[in-house]
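Chemist: Keeping their order, the protein sequence lines are chains A and B. For the first sequence, position 342 matches number 342 in our numbering, and the numbering has no gaps at all. For the second sequence, position 288 matches number 288 in our numbering, and the numbering has no gaps at all.
Please note that the accuracy of each hint is not assured.
Which copy is meant is left open, so a pair is good if it fits within one copy or across any two.
[What the hints assert, rightly or not] Here are the computed lysine-lysine pairs in the BS3-like style, where the Cα-Cα straight-line distance is at most 25 angstroms:
#1 Lys295 <-> Lys334
#2 Lys29 <-> Lys309
#3 Lys80 <-> Lys292
#4 Lys334 <-> Lys34
#5 Lys306 <-> Lys273
#6 Lys273 <-> Lys295
#7 Lys80 <-> Lys295
#8 Lys69 <-> Lys34
#9 Lys29 <-> Lys306
#10 Lys295 <-> Lys29
#11 Lys141 <-> Lys69
#12 Lys273 <-> Lys141
#13 Lys309 <-> Lys179
These aren't lab readings, by the way, just hints derived from the structure by calculation.
Number of protein chains: 2
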Amino acid sequence: MDAFKLREEDTVRVTEKNLRETAVNIFEKMGMPKEDCVLGADVLITADLRGVSSHGVSNILQRYVGFFKDSLINPKPHWKILRETPGIASIDCDGGLGIVMAPRAMEIAIQKARNVGVGMVTMQNGRHLSMASYHAMLALKYDMIGMCMTSTMPFMIPTFGAEPRLGTNPIAVAAPADKEAPFVYDAATTVVANNKITLARRSGVKLSPGWIADADGTPIMEEVPAPPPGVDRILPLGSTREMGSHKGYGLAGVVDVFSGILTGGGYGASNPKHVCNHCVVAYNIEAFMDTKQFKSTMDDWLRMLKSTKPAPGHDRVLYPGLPEAETEREYRAKGIPLHREVVDWLRKTCQEYHTQCYV
Amino acid sequence: MDAFKLREEDTVRVTEKNLRETAVNIFEKMGMPKEDCVLGADVLITADLRGVSSHGVSNILQRYVGFFKDSLINPKPHWKILRETPGIASIDCDGGLGIVMAPRAMEIAIQKARNVGVGMVTMQNGRHLSMASYHAMLALKYDMIGMCMTSTMPFMIPTFGAEPRLGTNPIAVAAPADKEAPFVYDAATTVVANNKITLARRSGVKLSPGWIADADGTPIMEEVPAPPPGVDRILPLGSTREMGSHKGYGLAGVVDVFSGILTGGGYGASNPKHVCNHCVVAYNIEAFMDTKQFKSTMDDWLRMLKSTKPAPGHDRVLYPGLPEAETEREYRAKGIPLHREVVDWLRKTCQEYHTQCYV
Chain A
1 MDAFKLREED TVRVTEKNLR ETAVNIFEKM GMPKEDCVLG ADVLITADLR GVSSHGVSNI
61 LQRYVGFFKD SLINPKPHWK ILRETPGIAS IDCDGGLGIV MAPRAMEIAI QKARNVGVGM
121 VTMQNGRHLS MASYHAMLAL KYDMIGMCMT STMPFMIPTF GAEPRLGTNP IAVAAPADKE
181 APFVYDAATT VVANNKITLA RRSGVKLSPG WIADADGTPI MEEVPAPPPG VDRILPLGST
241 REMGSHKGYG LAGVVDVFSG ILTGGGYGAS NPKHVCNHCV VAYNIEAFMD TKQFKSTMDD
301 WLRMLKSTKP APGHDRVLYP GLPEAETERE YRAKGIPLHR EVVDWLRKTC QEYHTQCYV
Chain B
1 MDAFKLREED TVRVTEKNLR ETAVNIFEKM GMPKEDCVLG ADVLITADLR GVSSHGVSNI
61 LQRYVGFFKD SLINPKPHWK ILRETPGIAS IDCDGGLGIV MAPRAMEIAI QKARNVGVGM
121 VTMQNGRHLS MASYHAMLAL KYDMIGMCMT STMPFMIPTF GAEPRLGTNP IAVAAPADKE
181 APFVYDAATT VVANNKITLA RRSGVKLSPG WIADADGTPI MEEVPAPPPG VDRILPLGST
241 REMGSHKGYG LAGVVDVFSG ILTGGGYGAS NPKHVCNHCV VAYNIEAFMD TKQFKSTMDD
301 WLRMLKSTKP APGHDRVLYP GLPEAETERE YRAKGIPLHR EVVDWLRKTC QEYHTQCYV
C-alpha cells in the first residue's frame, strides 16, 4: 500500500483554512450559491483531512471543474421532494452535486429519525458525492447512526463474468462512541477503489494480485501493470469465487437496488457516466435504547478490537475510522500534504477564473 | 466447491411435506407451541429447498435439539417490546429461537413500513435464526424490500489480528422483481461460512487458500487441512489487507453495531455462544416510487446481470437468489436430498421422543 503514499519531497503542506477558502472560490466561479460552495468545500476538505485524498480537493475537484465546464453538473439545482412519508423521502436532485445534495438529504433523514426512529432519503438525478462517510457522519452529532450508499457507473466484473456491470458502489456507516473515535466504515464493494488503479497507472506501480480481471474475465492472481485508461475490469471484493467474490458482487447489487433502482433514477449501468444516485439513512439511537449505554458499549467494543493481539509484522489492530481520526488530528495541526501538481493545478485554475488562490 | 456437494449415493430424496411434518413433530417434543413448530419448520425446510442445507433440517435441527436439551433455548418465550415508535421497535426475545422470533419481528417491521415507509426491529436475547434471507424474503409478498442481519459469536480474525473478535455476521437483502426470480443476497461477512470449515473437517477436504489464518494470525494462502474443532480463525471477506480484508472486517463490524450493540443486548463477543442478536428492516417500495416501475426495472437489471458474457470455464453469470430459486423448483418436484446420516438421526430422534417420523 505504501507505493501509493505521497513522497514527502513531492508534497506541500497547506493549512485547512487556506485549502478551504481556495475551494470555495473555485466553486463560486462554477456558479454555485455561496452557501453551497462552503458546504461542498467542507466535504472535500474533510476527505483530505482524514487522509482520503482520493475524494478530496487533491483529486476530485479537478474532475468536478471538468464536469461543470461540460455542463454535466447543475450549479443551481431546483431539487424537489417527489414522495414523502414520516419516515422516508424521495428526492430529484436536478443534476446538483452530491456534495451539496447529500448533506441536505441527510438533514431530512435526521429530522425523520428524530420523529419516528429511522429516516431514509433516496436521491435520483444525482452527481458525485465525494467521500460517502462524510454524509453518514453527519448523524453522529445528533447521537444517531448514519448510512450512505451510492450507485455509480460500471467498473466491476461480476463473478464468472467478462464485462463490467456494477459500480464500485460504496457503503458508509458511522456510529458514535463515547470516549473513542467513532466507528466509520466507508468502502467500495470492489476489491479496490478505481482511484487506486488510476494512481498505479500514473505512477507505474503494479497492481496487486486479485485486483483486476484479464480481457476475458479471468481474475489475475499475480502482480500486473495497470491497464490503459477506459479499461474497467475491477474484481468484486473477494477477488475469486473460491475467496467469496460472489459476496462482493452481490453487495454491489444491494447498493444498486437501494441507491439506484429504489431512487427511481435507474441502476448504475443504465445511467450516463456522470450520474450517481444515492441513498442516506439516519437511525435515532434513543428510539431503540438508552444512548449512554449504546455509546459506552461502543467504547468497550472498539477497545476490544484495538486490543486484539496483532499478527507478526503488524504493530496493532485498527478499526474503521480510527486511522482516519488520527490522520485528521495530525493534518489539522501540521497542514494537509498536497502533491505539487495539485497545488499547481489549483493556482492555474484560480488564475484562469480570476479568483484568489490561498495555497 | 464441488467437494462440498452431497454424493448421490449418500443421499435419500425426501418430500418437502414429509420433512416438514417430521420437523414439526420434533419441535413439538421440544415444548414449542404448535404454531411456532409450523413456523420454525417452514424456515428450515425453506433453507433445505433452496439448497442452503447448512441452515436447514439437515444440519441445524440437530444443533437446536442439543440446545433445547441443555435448556439454552426457551421453547415458550414471553417476548416483549421494550421501545417502540411508528418506525421502529426494540424487542426482548426472552431466549426464544430466532426462527420463530425473527418472522414475528419482520411482521412488525412490515406493518411499520406500510405506515411510514420504513420499519426496523432489533432483537436482543435472541437465538439462532437459521437462513437470514428467509426473514428478509418475508417482505417480498408485500412488495417491500427486506433486510436481516445477525450478530454471532466470534469466528473472524480482524485484519492484522491474531484472535477471533467478530462473528460470521451475515447480511441478507431481498428485493422483488416482476417476471424474474427475486434478488436475494445472503452472505456471511467472513470469506467462508463456518459450516464449510466443519464440513471440510468431517470429509477430509482441504480448505482453499485465503480461508483461515495460522495460529499467529497470518493468512494462509495455500490449501490446508481444516483445523481441529474449536479453533476459529476464519479470515474476513477479502482474505488479506491487499485484497481488501479490512472491508470484510469492517462490514462484520457494521452488523455487530446494528444487530448487536443497537439491540441493547451487546456485541457478539460479549455474549454466550448460543446467543445471537438480530435486526430486520422492511422498506415499502410504493412509499419511494411506483412499485410497477421498480419491479420492471429490477427485471431489466437482473436480465442484464444474467446476460453478462461469461469468462472462460463458466457457462453463465448468476445473480444472488437465482441458483437458489432454480434449486427450489427442482427440489419441490423431485424431493430434497438428505444425507443418509441425517435421515438416521431424524429417525433416531423421533424414536427417542416417541413421535412419528415421515422420512
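Chemist: Does the structure break any of the earlier hints, and which numbers would those be?
Modeler: Failing hints, ascending: 1, 2, 4, 9, 10, 11 and 12.
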